[in-house]
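Chemist: Sequence:
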Amino acid sequence: MNKTTIIERLKSLLDEKVSIAWNAMQAAQASANEESKSSAGDKYETGRAMAQNERDRYAQQYEILRQERLQLERQELAAHYERVEFGSLIETSEGWFLIAISVGIIPVDTEKVVVISPGSPIGSQLLGKRIGEHFQFRGKSCSIIRIE
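Residue 31 is where the sequence shown starts when you use this note's numbering, and the numbers rise one by one after that.
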């Protein structure tokens with residue numbers, strides 16, 4: 031498993047999500063602007079407020095995704111870790127995990143990697159563990175085989 035390939039894949043996925051959120055935010059802003067031109071009275075106020083709320087949701091989503099992307103860029107990803115920490119790629123008896131940002135399962139070559147944040151339930155269990163130590167996942171005791 032190549033950690034650099036996984037990180038590049040994550041960056042690409044985030045770039046796509048950032049672009050989608052940006053475009054949705056722009057479309058919602060355009061819709062809000064159109065509402066202000068089209069009608070008058072309470073109907074206008076309600077429509078404009080709804081469009082503005084939608085724009086704000088997309089703006090918040092955009093900012094979260096942008097910050098996650100920056101976090102991946104700034105993180106020095108060591109080749110080898112003694113203990114599990116942010117940036118660790120962990121081979122376990124149940125598969126591969128990457129402690130980074132909360133993305134979920136991503137396919138890499140013929141394997142799947144579960145990309146989780148350090149604050150997730152499984153991420154917080156894994157943090158600080160060493161090779162050979164155990165943790166609970168889906169009701170099973172799992173062991174850490176390798177940390178990269």
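Honestly, I wouldn't trust all of these hints.
In silico lysine-lysine, DSSO-like type, Cα no more than 27 Å apart, as pairs [claimed, not checked]:
{"#": "1", "residue 1": "K170", "residue 2": "K159"}
{"#": "2", "residue 1": "K41", "residue 2": "K170"}
{"#": "3", "residue 1": "K142", "residue 2": "K159"}
{"#": "4", "residue 1": "K159", "residue 2": "K47"}
{"#": "5", "residue 1": "K33", "residue 2": "K159"}
{"#": "6", "residue 1": "K47", "residue 2": "K33"}
{"#": "7", "residue 1": "K142", "residue 2": "K33"}
{"#": "8", "residue 1": "K170", "residue 2": "K47"}
{"#": "9", "residue 1": "K170", "residue 2": "K142"}
Hints listed in this document are in silico derivations from the structure and should not be mistaken for laboratory results.
Chemist: Each hint needs a verdict: does it hold in this structure or not?
Modeler: Tested hints:
no. : hint         : in the structure
1   : K170 to K159 : holds (17 Å)
2   : K41 to K170  : violated (31 Å)
3   : K142 to K159 : holds (21 Å)
4   : K159 to K47  : violated (32 Å)
5   : K33 to K159  : holds (19 Å)
6   : K47 to K33   : holds (21 Å)
7   : K142 to K33  : holds (12 Å)
8   : K170 to K47  : violated (33 Å)
9   : K170 to K142 : holds (19 Å)
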